[in-house]
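Visitor: Residues per chain, in single letters:
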Amino acid sequence: MSEGQASSVRYDEATKRYRGASEPAVDHLSLEVPAGEICVLVGPSGCGKTTAMRMVNRTVEISEGDVLIGEHSVRDREPAQLRREIGYVIQQIGLFPHRTISENIGAVPQLLGWEKDRTRARSAELLELIGLDPELGDRYPTQLSGGQQQRVGVARALAADPLVMLMDEPFGAIDPINRERLQNEFLRLQAEIQKTVLFVTHDIDEAIKMGDRIAVMREGGRVEQYATPAELLMAPANEFVEDFVGADRALKRLALMRVSDIDLWEAPLAFVGQATNEVRAKLEAPDVEVPYPLLVDDERRPLGWLSERDLAADVVPGQPDSPLGPVLELDDVMRDALADLLQHETQYAPVVDHRRRIAGVLSVEIISEFLASPEAKSEETPAAERPHG
Amino acid sequence: MANPLLLAAAGEVGGDFFKERTSDTLPCQAQAGHPFCWEWATENIDRFGKPTVQHLELVVVSLLIGFAIAFALSLLAHRRRWLQPPLLGATGVLYTIPSIAFFFLLLPITGIGKDTAIIALAAYTLQIIYRNTMLGLANVPGSVKDAARGMGLTDRQILWRVELPLATPEIIAGLRIAVVSTIAIATLAVFIGGGGLGTQIYGGGNLTFPTSIFIALAIVLLMALAFDVVLLTVQRLTTPWRKARAT
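Note that the protein sequences, when read in sequence, are chains A and B.
Under this note's numbering, the first residue of the first sequence carries the number 1, and numbering increases by one thereafter.
Under this note's numbering, the first residue of the second sequence carries the number 1, and numbering increases by one thereafter.
Take these hints with a grain of salt, some might be off.
[As the list claims (entries may be wrong)] Some, not all, of what chain B presents toward chain A, calculated at C-beta under 8 Å:
1) N139
2) S143
3) V144
4) D146
5) R149
6) W160
7) V162
8) L164
9) P165
10) L166
11) P169
If you're looking for bench data, these hints aren't it; they were derived computationally from the structure.
Glycine included, C-beta positions come from ideal geometry on N, C-alpha and C.
Isolated chain A, as found in the complex (with noise of 0.2 Å):
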């Protein structure tokens, strides 16, 4: 694969006036996004950000001040020139309809210039990328559901390994789970590529999981707080952030977790065969935290939870009387974790880990001591092990 470039951007007191408006749309803008993580600009609408945001190919141009990718100023350069090293991925995706999707996704390479056989070649590769059909690559894009043919735009963009991406509200207009399904192939692609992107969106949600760093911005282009996700819902700067990011910024908080980042409790485990009187006795120990043995296999797998009617006999049955309920995994994100525990009515569940061997038990309690905590208030999720989903 060719991919590997990124370049950091950097706005230095870039402004933006437009002939006839009073205030400037975008304000002395500075911001700096480092190479290859994503940014996410985000803001109520009118905000700028869409603004601010196509500075950076000059489909909008400077005012005042300045756009820098890696060392080179954007002015500096012819604009068709630049833009060829730019992905660009708009809401309406804007896919020629007249082209097939594989003469779409080589429509850069094809401007640069590139040979018949590589522009092909490299068509290809991008479909299989974005997890298409290769015979899609003959359709045209009318024949595509909007799904499909959004990530046909993001393949488009980076067609021709660009140095940065714009992502204008990409996933704006697609339904609520292809929106999903599209963020995480994203979020996938992302860890692979590593590009620099600038990612525009309204949606704050959209903005906490997409974003390694987030703009939050108001009227004309001003940053109220450029931060982590996991800092912009911990320590909001002010009032606007506070209620732009939303009431529920604790529950937020637990999408951008997964259930190994907690200290989990541990299950008093019962084995097949086992005899009672051991296993009451862990029960009985001072520091227990679950007041049920949960009975495993060999392996260590969880099989069940154990009654008062089981412990009655003198060995662990083979068969559980209480069901074992939902059984979570070390990479859930923690969020989903606690919608499984409401759901099922169910206090806590055993954790697993990908060889499905008990690593412990979350449980209600855990995760709403862990929001109360200010120790909570200082860890961070650290961005490269941001859940997917």
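Following the hints, position chain B against chain A.
Guide: Here is chain B on its own, set in the frame of chain A:
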């Protein structure tokens, strides 16, 4: 409408045609209620050959000229939007002038002959082709142009690689209308000595002898159909993505 004096003045339909008619014994003419005379038709079919070729020439040349001018005007108006209302108005005025009046207005300037006819016919096509081309360009989705610009296509590349290909169906639709109306109006070229199938329709004796009119009309109709089929085929071939939509 056919003033024999006028026709004689135009020098085209005069002499021979009338003479031939009056001297000939017209077999079917005497019989009342006989609108079409097969006997005459089979004997005289070759007299339609030359007018048909002339007619084709009038249509093709005036369409080529009309298309070239209207297309150039469209591109100009596409780039400079303020030109759009005046151009629409100007081509509209040309389109509104009654054809015969137009022919005779041009007569003192360009004289008798097919050139005058071609100028007038070309002028008539301007409005239709211009309007449809503008419509086609206006129908190109803004998102497609935005994406094209953002990907680094220059304005010229956007026009030739994106906008015009996408406007092709409307442009060809305009051409199809222009072709049919030009074929019809070209029958009037006879009044200014432009030749064409009009010679076989507006011949003096024809008002009481409709066979020649019927044959000429049939040729006009076939010609219009043939052009339409050709243009439709061109459209299908140049816009394969539109067919794909149905599958």
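Visitor: So, for every hint listed, does it hold in this structure?
Guide: Going down the list of hints, with the structure as the test:
no., hint, result
1, N139, "violated (11 Å)"
2, S143, "holds (3 Å)"
3, V144, "holds (5 Å)"
4, D146, "holds (6 Å)"
5, R149, "holds (6 Å)"
6, W160, "violated (12 Å)"
7, V162, "holds (6 Å)"
8, L164, "violated (10 Å)"
9, P165, "holds (5 Å)"
10, L166, "holds (6 Å)"
11, P169, "violated (10 Å)"
Figure legend: structure checked against the earlier numbered hints; hints not met, in rising order: 1, 6, 8, 11.
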